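Protein chains in written order, with the working numbering: chain A, 1 to 130; chain B, 1 to 404.
Don't read these hints as lab results, they were simulated from the structure.
Computed from a prediction, not measured in an experiment: that's the story for all the values here.
Using N, Cα and C, we set each Cβ at its ideal position, and we do this for glycine too.
Each hint should be verified, as a subset may be incorrect.
[As the list claims (entries may be wrong)] Taking lysine-lysine pairs in the DSS-like style, the calculated list, with each CA pair at most 25 Å apart, reads:
1. B/Lys365 with B/Lys220
2. B/Lys324 with A/Lys101
3. A/Lys101 with A/Lys71
4. B/Lys324 with A/Lys95
5. B/Lys365 with B/Lys303
6. B/Lys68 with A/Lys101
7. B/Lys324 with B/Lys68
8. A/Lys95 with B/Lys320
9. B/Lys320 with A/Lys71
10. A/Lys101 with B/Lys20
11. B/Lys20 with B/Lys68
12. A/Lys84 with A/Lys71
13. B/Lys320 with B/Lys20
14. B/Lys324 with A/Lys71
15. B/Lys320 with A/Lys101
16. B/Lys68 with B/Lys320
[Said to hold, decoys possible] Every beta carbon over 10 Å from chain A, so not counted as near; a handful from chain B, in silico:
17. Asp164
18. Met191
19. Cys284
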Amino acid sequence: MPVFESTEVAERVFGTLFEILLQNAQFTSQLRASDLSIRLTQTHPDCVLHVSADALTVGDDAPEEATVRIKMSSDTAHQLWLGKLMMPTAVATGKVRISGKVARVLELVPILRPAFDHYPELAAEEGLPV
Amino acid sequence: MPNHDEFDLNLDVLPGEVEKLRLQVREFARDVVAPRVTDLDGAPADDFDWDMVSQGHALGLTRVAVPKEYGGLGLGMLGCSVALEEVASVCAGTALIFGAAMLGQTPVLLSGDPRLQARFLPLFSGDAPVLACNAVTEEEAGCDLIIPANAVHAREVMTARRDDDHYILNGTKRFITNAQVAAFASVFAAMEGAPGATGLTSFMVPLDLPGVVRGPVADKMGYRLCLGSELEFHDVRIPAENMIGNEGDGMAINMAQSNMARASVAGISVGVARGALEQALQWCGTRVQGGLPLREHQFTAAKLAEMSAKVDAARLLYLKAAHKVDNELPAPQYEPAAAKLFADRVAIDVADMAMSLTGARGYVKSFGMEKRLRDAYGARIYEGTPEVLALAVTESLYAAGEPI
Chain A
1 MPVFESTEVA ERVFGTLFEI LLQNAQFTSQ LRASDLSIRL TQTHPDCVLH
51 VSADALTVGD DAPEEATVRI KMSSDTAHQL WLGKLMMPTA VATGKVRISG
101 KVARVLELVP ILRPAFDHYP ELAAEEGLPV
Chain B
1 MPNHDEFDLN LDVLPGEVEK LRLQVREFAR DVVAPRVTDL DGAPADDFDW
51 DMVSQGHALG LTRVAVPKEY GGLGLGMLGC SVALEEVASV CAGTALIFGA
101 AMLGQTPVLL SGDPRLQARF LPLFSGDAPV LACNAVTEEE AGCDLIIPAN
151 AVHAREVMTA RRDDDHYILN GTKRFITNAQ VAAFASVFAA MEGAPGATGL
201 TSFMVPLDLP GVVRGPVADK MGYRLCLGSE LEFHDVRIPA ENMIGNEGDG
251 MAINMAQSNM ARASVAGISV GVARGALEQA LQWCGTRVQG GLPLREHQFT
301 AAKLAEMSAK VDAARLLYLK AAHKVDNELP APQYEPAAAK LFADRVAIDV
351 ADMAMSLTGA RGYVKSFGME KRLRDAYGAR IYEGTPEVLA LAVTESLYAA
401 GEPI
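Taking the hints into account, I'd like the entire structure generated from these sequences.
Below, the structure written as structure tokens:
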């Protein structure tokens, strides 16, 4: 049984998560300074997001081009942002697949850390298991 | 309009920083390593040349894959593989000193944990060289610690036990390159209570902790300039934050680490083969028999041509593998395994043919060819034997297209 009942719910939760991050000046300045953009492609249910320092795009309009492209299931994303699944485990076991210069990915990981702080509350508000 | 840059497949041109490093390392290998190789190869097994390592460290060979923000060169596995080929063209053992250091760093790189990275990675950027090692193999467990299906059958594996906010490690690792000279090790131990090695867990362990004992150095056939030794852990107490991932993630991390590192080992094997080829070319171009240089005798020419083609093919495979490793997480299984499987065989074949072409001189130690042949057999063992690599390759062939 997937954690997210529909694409709409997944897009709402993860879209809100990254909207919050984009309000964080440090997050956007780090993205801009590193010239980083991220395309998240989640499955079961499908959920696509594109994040850059200037904009968040959710759904079919999300641009294909990104410096870092991350693919995982929405359940994996839920476990990851809750802090229940460690990134090295997720990557090592292939639950998370990342393409792009690995050096850029390593720059991205610390930038994303605020997501771990915000996600549990967002998930709880949506009635998702935390 | 198509972007023509995307179609510019120029396999002769490395990225600028990698090419610059390659040229610097080539000089280092020629001017620093080569003059010492014969003496160090014949020295007692525990002899170690810190001065040579220091000069390699000054070039960045101890931190090629470490990100720039932590003081490294940030050149990834491509930079690492290319640099190690250059060193190995003169001495594979010296190349492995730096390669094993990189391998010990890999779990920290994979961790994505800024705190672990900030603690361990800057250590490689100081004035004095710092080395690391990767401690997996044990007396009763080799492949059982790198093939997931074998894990349940592993026997007498080193153990880890949680004790509040620490873990207690007990056991002995064997044949660990750099163990004698490293400042810390990535160590794989099985959680107590889990069958075999199913609870394998990865830890970063400073080797100056109480209870760590560096055992005797193995007297090896080849790779004599790097030291392989035992590493004993007697109730070694390490902070829980030194664990990579979670308890039981060790097998997956070990595999991910191997997939990252195998391209660089293929680079070492290519270096061994290239060194043998270059020495054979020099000999066959000047040695005259029957009124002609050897290279103009058709049987000799056939061997030289085959050797050269094999070296080039092996290099292309490792460059492709390294490029993929630098652009995908997790690192792919197939390309690094295929590159290493092929390059390890090429090193043996080319060194053997070079030995044959150089006749009696090749059989004399001072000529250096017999060392290349001894070294050629080394890479066939570490970071995956041909048998282990074959399983990795075929598993990848059957797993193509697996959905996420």
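Return the numbers of the hints above that this structure violates; sort them in rising order.
none
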